[in-house]
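Turn these sequences into a full structure, and let the hints steer you where they fit.
These are the residues of each chain, in order.
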Amino acid sequence: MVGQNSKKTFLKAMLYLLPALLVVAVFVIFPMFHTLRMSFYEDFNIYSKEGSGFGLSSYIWVLQDPTFHKALLNTFIYAVVTVPVSIVLSLFIAILLDSRIRGSKFFQTAYFLPYVTNAIAIGLAFRFIFHSEFGVFNKFLGLFGIDAIQWLNDPDWSMFTLCIFGIWSALAFKIVIFLAGLQGIDPQLYQAARIDEAGKWKQFIKITLPQLGPIMAYQFVIATINAFKCYEEVIGLFGDDGPLHSATTMVYYMYDKFYNANRYTIAAASGVLMFLIIMVFTFIQLRMSNKKAEQ
Amino acid sequence: MDIRLENLTKTFSNKDKTHETIAVNDFSFTIKSGHLVGLLGPSGCGKSTTLFLLAGLLTPTSGKIFFGDEDVTALPPEKRGIGLVFQNYALYPHMTVYDNIAFPLRNSKSFKEEHKDAKERKMEIDKIVQETARIVAIEELLDRKPAQLSGGQQQRVAIARAIAKKPKVLLLDEPLSNLDARLRIQTREEIRRIQKATGITTVFVTHDQEEAMSITDEIIIMKSGVIQQINEPQETYIHPANVFVAQFLGNPPINMFPVKVEGGHFVLNDKRAIRTVLPDGDYQMGIRPESFNLCEAGTDESVDAEVVFKATIGRDSQVRFNINGKLCEALIESDRQVAEGGMASFTLKRSGVHLFDTAGERIELW
Amino acid sequence: MEQENKITNPYARVVAFIFLLLGSVVMLFPFFWMISGSFKTLREITSPAIIWWPEEMQWQNYTTVLTMESNPFGTYFRNSTIVAIVNTVFTLFTTILGAFAFSRLEFKGRDKLFNLLLATMMVPSQMYIITNFITITRMNLYNSLWAQILPYSASVFYIYLLRQFFNQIPDQLYLASKVDGCSDWKFLWKIMVPNAKSSLVTIGLFNFIASWNAYLWPLMVTGDINKRTLSIGLKYFASDSGSDYHLMMAGATIVVLPLIVIYLIFQKYIIQGIARGGLKG
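Chains as they are written, first to last, in numbering that gives the first Met the number 0: chain A, 0 to 294; chain B, 0 to 365; chain C, 0 to 280.
Treat the hints as calculated values from the structure; they're not laboratory data.
With a cut-off of at most 20 Å between alpha-carbon atoms, the simulated SDA-like pairs for lysine to any residue come out as follows: (1) A/Lys228 - A/Val79; (2) A/Lys48 - C/Met138; (3) A/Lys199 - C/Tyr10; (4) B/Lys111 - B/Lys126; (5) A/Lys104 - C/Leu263; (6) C/Lys196 - C/Gln167; (7) A/Lys48 - C/Asn139; (8) A/Lys6 - B/Pro75; (9) C/Lys107 - A/Thr8; (10) A/Lys205 - C/Ile6; (11) C/Lys111 - C/Phe156; (12) B/Lys126 - B/Ser109; (13) A/Lys11 - C/Leu104; (14) A/Lys104 - C/Gln271; (15) B/Lys121 - B/Lys165; (16) C/Lys107 - A/Leu17; (17) B/Lys31 - B/Asn230; (18) A/Lys6 - C/Lys111; (19) A/Lys104 - C/Ile270; (20) A/Lys69 - A/Ile224; (21) B/Lys325 - B/Glu289; (22) B/Lys222 - B/Met212; (23) C/Lys196 - B/Thr95; (24) B/Lys126 - B/His114; (25) C/Lys189 - C/Tyr173; (26) B/Lys78 - C/Leu172; (27) C/Lys185 - B/Asp98; (28) A/Lys205 - A/Lys290; (29) B/Lys348 - B/Asn323; (30) A/Lys228 - C/Met219; (31) A/Lys199 - A/Leu211; (32) B/Lys270 - B/Val307; (33) C/Lys267 - A/Thr108.
Next comes the structure, spelled out in structure tokens:
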């Protein structure tokens, strides 16, 4: 265009792209391969960048580590609980927010606010609220004669508390997306349904849900990926990985192996495994939603 | 300043370079200084490509473009001294009308050299913007943003921006196509007025024949990258060079059908109707709808035809005759007695009848 | 016009209102409790009764937190601000240039390169921080603010978002600017950028918030107390301070308050940004 030859255009484009490409190449693309390479060594010296014992030993070690099993299990529990619950709740809230009820402006501001907050800081606030002795939640339950629960100190309760915090944090983003989706549905569809004497429930099942189909699939994928990356919520709430490591997660495991235990190849292997698990889930979900869309 | 194109050709190849399209095929013509010229043709005929070649936004595959004596073929757009008005106006949405008009001046290196002092330059720009705004009658809109203007006003701003730097050539790409019918007529007269007032050589691309006919000094009719005819609008209407031009100009369109010559007569509806000096053979005849004159049956050189359809619209009646198996549309005065389904006789005005050979080229012979 | 899909039954509307009210209490309560706690005395914090609001607001909790030697929140705040602002400026710069190249310059291999970049978004960032730690150490940037800024100063996702917006700007504007004597560079900064203002504000806000809240990466590359940002500082402070929850809440409020202010000012941009791009992926 405008009388330039292709070589000149290419050079020019590269100049424009240089800053971004440099950062992405050094801090995104190179690490992908480098981490993968590291994961296949038994030992890796991060100063000489040399590894020894090429093979699958790190993977075998990780897969046999009970702490990893615990981290994997916890991450699954966290995903299986928080993803569906937060999606159902946020859809419900989005529908109410879309109903032009008095004060919906204020409500929107209130429901969206948690999106911008810092997980460490709000985690501290939750820690304060769920404190077994002087936390307001136990005091509140005490009014109904319920004995104080060790929300944060009892390994049997820690995952439960983490899930509550996780759902609370995840709602805002999903409500925004659902609300945008609901507002995008053609009102004529509802008018037509009313003429066909479809009740509110039927309208919801026959119009709202199918129309939100792609958004629902998107929410599931994003929410699952985010759930698998859960880490800051754990630190914010417990300060570590919970009583007796009861709330450890995959990212926590990776960080711990790398930073505290200096087991670099183990950390790399667990990182690759996490990536693979996330990939598999993403593909399964996309498949499922595509199939639904085809029907 | 004249604009001269010499053997100008532009081809586009598709992405895999397997196929080439010739958008502009070997153009050679001259546009006289100060003229308003219309590039007319159906969509895809290469008229916008020609305009963009003139602007320097596209580079020709071969051939040359001269502005006066200067070969501008290799010059980038900003060095050609042109103003271009786009179909969608392409006003900068974030700038006020004032800044839109001043923008090309602020960018111009030669303007900067002429007015070295920044303060003086600013005053000069202000003077030009005010003056240009007055020419296109938008003085009171200078502080607005394009989104706050109507389509017609945006159009004027686009013209003002194009003429502010006093271009040697003004190029307009379908400037009226986004306006409603009433504004279109008003604006095209406005364009003519501005062009006359400034005396800038102007090239105007359109697919609308009425637009081209009404305001241009000359029209260039194009089809699939090939020039069909260059002439004054009325001349082109009266002497179409070929079947395509004859059919393209005129509303309602010309009635075109095959005709035979036998023994010095055209055969119309199985009757030797009109005398001619053409040798026997096959021809194509075109009759303008306004050239039918009703007459008594049996009048010399009259044609008899069945009236298939009739509708009266105010002053005129629209009548369809069956001539040589083709439904021909005629406009006749509404007080003449014609009945749908009946027969009628008519003679033809010579000036409205055009003859072409079977290849479609005009035969100038009466 | 009557909205056909909305709740019309007046009783149902009351029920919906009450539900929304209760829900918003749940959403806002942690913020309220954090702020109210930050003004309480230690006695009020540990009291067995529920104290909604302190009898007297203890502003000195904030002065205590901000002037602590073991956890200098003033320094933390300064570091967070520097990192977030510099990082956002860098990101906007690389994003604008990258999006322009992918949107307007027709160079060879453009689509392939773009798809390659998009593919990198599939990989979770947690996977590459291991190597990035090594890279940063070898660049001698460990324990500097640059270590926190550099790796996140370009984002494929933001380039993708801005390119979408740039693509909507009509080609004719580009051609018009050529006729008016604009170079590509000038066109980008004088025409594209001013027109993409709202997209750029959104991207800038999201980047600022993400940078402000970043935790894992800054933690890994920070050794010295003077280089900590608020998120890390708060975490260390919480580990050190036992059950001084009134001080912890003051610290947490210092971290969260700027975010709330930004949110209240730019709510429209943030909501539109999430809805349009589905950010935070």
